[in-house]
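Generate the whole structure from the sequences, applying the supplied hints.
Chain order of the listed sequences is A and X. Per this note's numbering, the very first residue in the first sequence carries number 1; after that it's consecutive. Per this note's numbering, the very first residue in the second sequence carries number 1; after that it's consecutive.
Fair warning: there could be bad hints in the mix.
Because identical chains cannot be distinguished in the list, a pair is counted as satisfied if it fits within a single copy or across any two copies.
Stated by the list, open to error - Pairs of lysine-lysine residues, derived as BS3-like cross-links and limited to a Cα-Cα distance of at most 27 Å, are as follows:
| # | residue 1 | residue 2 |
| --- | --- | --- |
| 1 | K80 | K58 |
| 2 | K80 | K39 |
| 3 | K39 | K58 |
Because the hints were derived from the structure by calculation, they are not lab data.
Number of protein chains: 2
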Amino acid sequence: MARFLDVREGFAGATAQQFADVHDADLAIEADEGVHCEKAWLDAEAGKVFCLSTGPSKEAVMRIHERTGHPVIEIYEIDKEL
Amino acid sequence: MARFLDVREGFAGATAQQFADVHDADLAIEADEGVHCEKAWLDAEAGKVFCLSTGPSKEAVMRIHERTGHPVIEIYEIDKEL
Numbered sequence: 001m002a003r004f005l006d007v008r009e010g011f012a013g014a015t016a017q018q019f020a021d022v023h024d025a026d027l028a029i030e031a032d033e034g035v036h037c038e039k040a041w042l043d044a045e046a047g048k049v050f051c052l053s054t055g056p057s058k059e060a061v062m063r064i065h066e067r068t069g070h071p072v073i074e075i076y077e078i079d080k081e082l
Numbered sequence: 001m002a003r004f005l006d007v008r009e010g011f012a013g014a015t016a017q018q019f020a021d022v023h024d025a026d027l028a029i030e031a032d033e034g035v036h037c038e039k040a041w042l043d044a045e046a047g048k049v050f051c052l053s054t055g056p057s058k059e060a061v062m063r064i065h066e067r068t069g070h071p072v073i074e075i076y077e078i079d080k081e082l
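Written as structure tokens, this is what we have:
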């Protein structure tokens with residue numbers, strides 16, 4: 001399993017509830033791809049959501065987010081965490 | 001205190017040791033600005049380092065990273081974490 005950090009757009013002015021709904025939607029289907037979204041962060045001013053996940057590949061993570069309606073615009077594979 | 005996620009460049013091919021040295025340099029001086037770098041992630045292929053921190057302002061976090069030689073290229077204030 002690898003670890004990823006991804007970025008999604010389109011969350012300008014999103015409320016905590018809207019953000020939670022998006023994250024819950026990811027959690028509900030992530031097992032289909034062997035993915036787990038560990039943490040998510042919202043910057044409502046920049047309109048971005050960041051997700052730290054584990055999974056078999058970038059593509060698997062991207063498919064989960066695509067299915068829940070918020071395609072990934074950037075994704076990074078983490079080599080090392082401190 | 002607010003929470004931030006920042007992005008730095010220039011780490012293409014960085015080793016785990018080089019990454020640790022940069023993070024340790026931040027930790028050594030972060031108290032000067034009331035900042036704490038909680039987590040850091042390296043993507044050596046993309047050449048980027050991501051840092052999750054707490055602090056009084058974006059500018060405080062940016063000053064720490066500037067002083068340790070790796071200026072921030074993007075910084076986001078976190079409204080909500082899940």
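Broken hints, by number: Those not satisfied: there are none.
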